[in-house]
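Given only the sequences and the hints, what does the whole structure look like? Please build it.
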Amino acid sequence: MTIKDWFNKRKELQIAHRELDETHIDDHIGDLWIQCYNCGAQLLRKDVENNMDVCPECHYHFRINSEKRIKQLFDEGSFVEMFKNILPTDPLKFVDTEPYQKRLDAAKSKTNLDEAVRCGTGKIDGEEVVAAVMDFEYMGGSMGSVVGEKITLAMEYALEHRLPMIAVTASGGARMQESALSLMQMAKTSCAVSRLQEAGILYITVLTEPTYGGVTASFATLGDVIIAEQGARIGFAGRRVIEQTIKQNLPSNFQTAEYLMQFGQIDILSDRAHLKSTISQVLKLHKPRVEEKNEAKHTKKAAKTAKKSSKSKTNDEAKNEYASV
Amino acid sequence: MNMLQFEKNLYELREKIDELQKQGEKSGQDMTTEVKHFQKLADEYAEELYSNLTPSQKIQIARHSERPNFKDFVDRMTENFIEFHGDRVGTDDRAIVGGPCEIDGIPVMLIGTYKGKTTKENLVHNFGMPQPQGYRKALRLFKHAEKFNMPIVTLIDTPGAYPGIKAEETAQGTAIAVNLAELAKLTVPVIAVITGEGCSGGALGLAVANKVLMLEHAYYTVISPEGCASILWRDASLADKAAEALKITPEDLLKFKIIDEIVKEPQGGAHYDPDLTAKNLKKKIVKCLKELLPMSAEELREDRYNKFRTKGVFLK
Numbered sequence: 001m002t003i004k005d006w007f008n009k010r011k012e013l014q015i016a017h018r019e020l021d022e023t024h025i026d027d028h029i030g031d032l033w034i035q036c037y038n039c040g041a042q043l044l045r046k047d048v049e050n051n052m053d054v055c056p057e058c059h060y061h062f063r064i065n066s067e068k069r070i071k072q073l074f075d076e077g078s079f080v081e082m083f084k085n086i087l088p089t090d091p092l093k094f095v096d097t098e099p100y101q102k103r104l105d106a107a108k109s110k111t112n113l114d115e116a117v118r119c120g121t122g123k124i125d126g127e128e129v130v131a132a133v134m135d136f137e138y139m140g141g142s143m144g145s146v147v148g149e150k151i152t153l154a155m156e157y158a159l160e161h162r163l164p165m166i167a168v169t170a171s172g173g174a175r176m177q178e179s180a181l182s183l184m185q186m187a188k189t190s191c192a193v194s195r196l197q198e199a200g201i202l203y204i205t206v207l208t209e210p211t212y213g214g215v216t217a218s219f220a221t222l223g224d225v226i227i228a229e230q231g232a233r234i235g236f237a238g239r240r241v242i243e244q245t246i247k248q249n250l251p252s253n254f255q256t257a258e259y260l261m262q263f264g265q266i267d268i269l270s271d272r273a274h275l276k277s278t279i280s281q282v283l284k285l286h287k288p289r290v291e292e293k294n295e296a297k298h299t300k301k302a303a304k305t306a307k308k309s310s311k312s313k314t315n316d317e318a319k320n321e322y323a324s325v
Numbered sequence: 001m002n003m004l005q006f007e008k009n010l011y012e013l014r015e016k017i018d019e020l021q022k023q024g025e026k027s028g029q030d031m032t033t034e035v036k037h038f039q040k041l042a043d044e045y046a047e048e049l050y051s052n053l054t055p056s057q058k059i060q061i062a063r064h065s066e067r068p069n070f071k072d073f074v075d076r077m078t079e080n081f082i083e084f085h086g087d088r089v090g091t092d093d094r095a096i097v098g099g100p101c102e103i104d105g106i107p108v109m110l111i112g113t114y115k116g117k118t119t120k121e122n123l124v125h126n127f128g129m130p131q132p133q134g135y136r137k138a139l140r141l142f143k144h145a146e147k148f149n150m151p152i153v154t155l156i157d158t159p160g161a162y163p164g165i166k167a168e169e170t171a172q173g174t175a176i177a178v179n180l181a182e183l184a185k186l187t188v189p190v191i192a193v194i195t196g197e198g199c200s201g202g203a204l205g206l207a208v209a210n211k212v213l214m215l216e217h218a219y220y221t222v223i224s225p226e227g228c229a230s231i232l233w234r235d236a237s238l239a240d241k242a243a244e245a246l247k248i249t250p251e252d253l254l255k256f257k258i259i260d261e262i263v264k265e266p267q268g269g270a271h272y273d274p275d276l277t278a279k280n281l282k283k284k285i286v287k288c289l290k291e292l293l294p295m296s297a298e299e300l301r302e303d304r305y306n307k308f309r310t311k312g313v314f315l316k
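Just so you know, the protein sequences line up as chains A and B, in that order.
In this text, residue positions in the first sequence follow my numbering: the first is 1, and each later residue adds one.
In this text, residue positions in the second sequence follow my numbering: the first is 1, and each later residue adds one.
Quick caveat, the hints were computed from the structure, so don't treat them as lab data.
From the three backbone atoms N, C-alpha and C, an ideal C-beta is built for every residue, glycine too.
Please note: incorrect hints may appear among the correct ones.
Which bits of chain A does chain B cover? Going by a derived footprint, with three or more residues having C-beta under 8 angstroms, they are [to be verified]:
{"hint": "1", "region": "87-100"}
{"hint": "2", "region": "148-162"}
{"hint": "3", "region": "209-220"}
Now the stretches of chain B that chain A is said to cover, found in silico as 3 or more residues with beta-carbon under 8 angstroms [said to hold, decoys possible]:
{"hint": "4", "region": "21-27"}
{"hint": "5", "region": "106-120"}
{"hint": "6", "region": "137-150"}
{"hint": "7", "region": "196-204"}
{"hint": "8", "region": "218-224"}
In silico DSS-like pairs for lysine-lysine, Cα to Cα no more than 25 angstroms straight-line [said to hold, decoys possible]:
{"hint": "9", "chain 1": "B", "residue 1": "K290", "chain 2": "B", "residue 2": "K143"}
{"hint": "10", "chain 1": "B", "residue 1": "K316", "chain 2": "A", "residue 2": "K93"}
{"hint": "11", "chain 1": "B", "residue 1": "K241", "chain 2": "A", "residue 2": "K93"}
Have a look at this one:
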């Protein structure tokens, strides 16, 4: 045996060993057990779920869907979903390796959702808010026409009823399959935020794993208060794109919430367990000012309010038609 | 003139015709009928070629190194341009340039992305890819224009906002988002022109406007075809396919009401006749200005809001 042969044999053995290792891990990933991506601990799925989908060993935050997020953030049974009648279509007849319509159907059957965002009203420790909660499981939480429209409608509802607005983001960015129409949703949602800003309505954004691209570059980073969940990765360009552009490896903590905090981009960093109480605290601290303005407006424009209340009545009626979650 | 790959046959044909003419002159034979005949054929071929451009061919024209840029348009369309530098908090991002000028006697704030033409210029201007500081510089100029009641015209030709470490650390996403929201609030007319490449949020950060114009061979998209291909097909070399699917040409975008008007270019693209291109563009800009200038601040804001409010296609 030459030295070269010996090296080759050694290499093959190593590869075989590695493959064995992988199947070994696979065996353990079932419905019952999950492995922590961070510390590698084998965990009972039930234990993780009871711990708000946070690893009990290392505190790693698993991604969660909108269903769980809503449950964790809102008072029990208070979230009433709105705008469920807005549904996606395929205006461009877009086909990549699969037609867009097929992807939409697959996303729907996988998640049981109509789109990548759920909007509605809900209560957080008794405080009524309008909320948009994104779902990464539906086509990577990407923003197309429907996501943009629903978020804009939610913001307009918050404006009309003078309620605080909360956006919980989880998205890879704009949806490529709707091309420029998706791009326009960035402008549309940002225009809606500009109206909230001018009306002095509190807008809180909660950035969760992951928040990227067109969502980061529009309504996600326009919050009066920006809260990021621990460990969430947040950025404009994707890690790989940056690495390819600058031909360098990036530090492992690049674009994490903790990293962005260092660079002054977010107000508050919160772990999942404290997220609800943090939002609630922010809401309470901003409440008096919002109410004051509300009253001032009511006394100033009494005639206008009368008109508005008849308008909001029809809106309340409309709201009642939406399904409760 | 740098020839594009798909123009090769046309260039060869024209070269042959030139040779024929020269030969005729040399030998004293009268070749004018033949030359005229072939020239007519070449013109017909050119017409056919340029009126049936594929999206990827259009992209090649949009990216042509000699395509008229911000400076070319300033020289041909405006008077008294004076460049304003810097974001006033530490940086002068050269990928975005701007300043006040006059278009047809109307004072206007002209802001645009700038790639430069030579390699040296490309490097100085970062190939037209702005950093967050560039968007903040643009915002400062927007506010300046608003203060002095000047309409704003933006000229956009960018492969996108720059993806880099510093850009992320200084909040590229936030810089663009803030521009979108602030553009919505402006009390002066805003006209955006996609003159070449209009890629993603990097372009949109200057394009929340009352009127969005687009040059005939420009393209406007949510992601570069290369980026789209590498994500959806996992193969960047399928960019042509992605360009087709993304519907990035002005004709398609007009159909989906993403843009308002197309500005005609000379045959083959703006680089064949920058003067004519600038003339066409100036005419359209002046027309839009005359339409928007009589509107009140509130009307302009309402118009801009409604314009973007209605974008998108969905079932209801």
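Hint by hint, here is what the structure shows:
1. Only residues whose beta carbon comes within less than 8 angstroms of a beta carbon in chain B count, and the region 87-100 of chain A has 9; three or more means the coverage holds.
2. With a cut-off of 8 angstroms between beta carbons, the region 148-162 of chain A has 3 residues touching chain B; three or more are needed, and the interface restraint holds.
3. Coverage of a stretch by a chain is defined here by at least three residues with a beta carbon nearer than 8 angstroms to that chain's beta carbons; for the region 209-220 of chain A and chain B the count is 7, and the condition holds.
4. With a threshold of 8 angstroms between beta carbons, the proposed coverage of the region 21-27 of chain B by chain A is violated, since 0 of its residues qualify and at least three are required.
5. A stretch counts as covered by a chain when three or more of its residues have a beta carbon under 8 angstroms from one of that chain; for the region 106-120 of chain B and chain A the count is 0, and the coverage is violated.
6. Residues of the region 137-150 of chain B lying with their CB closer than 8 angstroms to a CB of chain A number 0, which falls below the three-residue condition for coverage.
7. A stretch counts as covered by a chain when three or more of its residues have a beta carbon under 8 angstroms from one of that chain; for the region 196-204 of chain B and chain A the count is 3, and the coverage holds.
8. Counting residues of the region 218-224 of chain B whose beta carbon lies closer than 8 angstroms to any beta carbon of chain A gives 4, which meets the minimum of three for the stated coverage.
9. A distance of roughly 21 angstroms separates the Cα atoms of B/K290 and B/K143; the hinted pair therefore holds under the 25 angstroms criterion.
10. Simply put, B/K316 and A/K93 have alpha-carbon atoms about 18 angstroms apart, close enough for the 25 angstroms limit, and the pair holds.
11. For the given pair, B/K241 sits about 14 angstroms from A/K93 by alpha-carbon distance, which is consistent with the 25 angstroms threshold.
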